[in-house]
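Chemist: Sequence:
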Amino acid sequence: MCGTGRQPILRNKMENDNYYLLTLAAIAKEIQQRGEKRECAVNLGAGLPLTGFGREKKAFREYLFRSSQPVSFKFEGIAYQVTIQDVRLFPQGCSAIAVHPEFIRGEPSVLLMDVGGWTVDLMRLDNGIPNASACRSLELPHFLNCQSPLF
1 MCGTGRQPIL RNKMENDNYY LLTLAAIAKE IQQRGEKREC AVNLGAGLPL
51 TGFGREKKAF REYLFRSSQP VSFKFEGIAY QVTIQDVRLF PQGCSAIAVH
101 PEFIRGEPSV LLMDVGGWTV DLMRLDNGIP NASACRSLEL PHFLNCQSPL
151 F
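Each residue of the sequence shown is one higher than the last, beginning at 1 in UniProt numbering.
Since the hints were derived computationally from the structure, they do not count as laboratory data.
Treat the hints loosely; a few may be bogus.
In the DSS-like style, the derived pairs of lysine-lysine whose C-alpha atoms are separated by at most 27 Å in a straight line are [unchecked claim]:
| no. | residue 1 | residue 2 |
| --- | --- | --- |
| 1 | Lys29 | Lys74 |
| 2 | Lys37 | Lys57 |
| 3 | Lys37 | Lys74 |
Starting from the given sequences, assemble the full structure and let the hints guide the process.
Modeler: Written out as structure tokens, the structure is:
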């Protein structure tokens, strides 16, 4: 699966184990990058589209958390044993603001846009606070698939 090319876009990431396996690969890469021990505890942060955030949050958290801890796996021939301590979920695109809050400081209104494989999420922040009445998640899979030939 990893390294075999671009995976098909799924409306529901919990449909199979691909997203979970990619998450484990990302954890392994992060451990390598930081020079951490391969037996460790981690906290995960992940994003969900605005339209599914409320109704899919619990199921997606359980999908990532899994009950059998620690998780033992191999990535690129190296064994890992990881305990997932916590899973925190956020509306997609929020990480851009969390990493660079100075981008919106002092702005009365900002439109945050996250273009994904299935949705375009729009979140208006007024004085840094999400305005729920002005948030939208547009499902545009056919429009967004036009990018596939480019990659």
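Chemist: Among the hints numbered above, which are violated by the structure, and what are their numbers in rising order?
Modeler: 2
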